[in-house]
Amino acid sequence: MLRKFFACFLLFFIFLFAGCVSLVRPELSAEQEAVLYPLASYVPEAFEWEEVCPGLSRFDFENAGFPLIYHAVKIDLTLTGAAGPDATLELLCCRRESASRREATAQFAARTQCAVAVNATPFTRSGQLTGIHKESGEVLSQPVARYGAIAFKLAENAGVSRAGYGESGDLGEASAREDGICTARIFSSQTDGEIEDFDYAFGGFFVVLKDGQVRTEFIRRSDSRTGAGLSADGRTLYLLVVEGERPDQSRGLSYPQCGEVFRAMGCSDALELDGGSSSELCINGKSVLSYKVHTRQSNSFGFRVK
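Residue numbers (my numbering): 2 to 307.
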């Protein structure tokens, strides 16, 4: 009996150890990363965008030799009028106060039927957001000075509607609609006073691309990544989600490598949002990742075209 118990315990330990080893993320120097993973291995010669709906396009990258898989979305923030008089880009977001109230990005995307949805602000194990979250001009989670943020300003006559938890406990969301979004901006610090001028803001981690220059001071460690980038005029938004939870199929990217991808797509500035096992991207209400994300994120945002 003891021998059988010991054998079972040993098998469990080997399985657990093997699983942990498979997710070891080694640190590389800039020189090592450049030699092992040259730019051409993760940045394509051209981005061939496929339209999802008016104003929104997607691009999917795969390099089995890297190995690497990532997904990108390009969004025209000035959609109103570009796709017809009745087409408007609507921003939706969802914030959860605790672990019991958390909702996975995939659930949020399916419930709201967003054309695209992504996870955003980092959070603690208890579900509390670590960084700024601003809805309809109201700051609902306090800023963290050392982290960056992406903020959205509505068009001058845009309307805003908000919905919270109903009596039945149904999950709700806030949305910006009618005349759509005017512009967006990425901030290196969430305590930047100019964020007050924006209607919506979502916290992330660090800016990896600033004024067209990739920031290189970060540790070179590959992982799953979620990020957001902007064109120089703040009118085009780029979302990037890199797969990395199954390293044998996709090893992920480092922060500077993400910066290179954003720059190649046409961004002037880019910010890393919550990454790792929280990384999620949904298109037309469904996840596009090659594996199921089991994390229930505390914060997501997305877009609909109405």
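FYI, nobody ran anything at the bench for these hints, they're computed from the structure.
You may find that some hints are simply not true.
EDC-like cross-link-like pairs, simulated, lysine to aspartate or glutamate; straight-line CA separation at most 20 Å [unchecked claim]:
no.	residue 1	residue 2
1	K287	E46
2	K293	E261
3	K307	D77
4	K293	E246
5	K293	D224
6	K154	D77
7	K211	D249
8	K154	D224
Going through the hints against the structure:
no.: 1; hint: K287 / E46; in the structure: violated (28 Å)
no.: 2; hint: K293 / E261; in the structure: violated (27 Å)
no.: 3; hint: K307 / D77; in the structure: holds (14 Å)
no.: 4; hint: K293 / E246; in the structure: holds (10 Å)
no.: 5; hint: K293 / D224; in the structure: holds (16 Å)
no.: 6; hint: K154 / D77; in the structure: holds (14 Å)
no.: 7; hint: K211 / D249; in the structure: violated (32 Å)
no.: 8; hint: K154 / D224; in the structure: violated (31 Å)
The structure does not agree with the numbered hints 1, 2, 7, 8 stated previously, though it agrees with the rest.
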